[in-house]
Amino acid sequence: MLFFSFFKTLVDHEVTIELKNDLSIRGTLKSVDQFLNIKLDDIQVVDEVKYPHLSAVKNVFIRGSVVRYVHLPANAVDTALLEDATRREAAAQANKAK
Amino acid sequence: MDVPVLPEQLPPQVFTTGAQLLDLTDKKLVIVLRDGRKLIGTLRSYDQYANLVLQDTVERLYSQDLYADVPRGCYIVRGENVLLLGEIDLDKEDDLPLKQATVDEIYDAQRLESANKKQKEKKKARKLHGLGFEAENELVL
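Going down the list, the protein sequences come from chains A and B. Under this note's numbering, the residues of the first sequence are numbered 1 to 98, in order. Under this note's numbering, the residues of the second sequence are numbered 1001 to 1141, in order.
Just so you know, these hints were derived from the structure itself, not from any lab. Given the structure is predicted, the values throughout are model-derived calculations rather than measurements. All C-beta atoms, glycine included, are put in the ideal place defined by N, C-alpha and C.
With a cut-off of at most 20 Å between alpha-carbon atoms, the simulated PhoX-like pairs for lysine-lysine come out as follows: (1) 8/A - 30/A; (2) 58/A - 30/A; (3) 1099/B - 1038/B; (4) 1118/B - 50/A; (5) 1038/B - 1092/B; (6) 20/A - 1038/B; (7) 1099/B - 50/A; (8) 50/A - 20/A; (9) 30/A - 1027/B; (10) 1092/B - 1027/B; (11) 50/A - 1120/B; (12) 50/A - 1117/B; (13) 50/A - 1092/B; (14) 50/A - 1038/B; (15) 58/A - 1038/B; (16) 58/A - 1092/B; (17) 1127/B - 1117/B; (18) 1027/B - 1038/B; (19) 58/A - 1027/B; (20) 1028/B - 58/A.
Calculated from the model, a selection of chain B residues having no Cβ within reach of chain A, i.e. all distances over 12 Å: (21) 1026; (22) 1042; (23) 1045.
Could you put the whole structure together from the sequences, leaning on the hints where they help?
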């Protein structure tokens, strides 16, 4: 659930999603769920001429299973905090296993 | 260190697939499938896997600046095949820089496009072969 929580902290930030079919979409992160399905607002396709089917589209729902990368704004990510949260989750898992 | 927390007033059910798709229901959407097909229709129902029910669906074919619509009817799409759903802006939709064509015209254009691509790939493979690179699973003649 760590990445779900992490993505929730990024709501309203501008992100670029690269899909497994090489399509890249830039937009404002509006919502995310436990499958890491993502909803973007005010979208812009990075290579618009190549993908004309999205030029009249304003917001999209992207299925989590088809995402390759999410490019994040660097200043919105606290890597130290993320590392800490990872350790804490790992510790909690280890405790549960005992 | 400050831990970023979400505003308290947002309950966790805001972040479910259902909540995300709820405001797309009964709207005109474009659905892109894993095999590259684009369906345009009205979303009538869905579940947590993004299985979808679409009404009055047309399949839109593209080739460069041409498009054509093929009427398809009602669809249940299995979620695993869905790439994305996009809500169509009805105002923007009318001034697209695309021209409508017949299905046959699109097929012809697509055939031409893929033939050109094949030729280009062949040329590239031949050049690479000359440099000592062998294309995978392909014989350069």
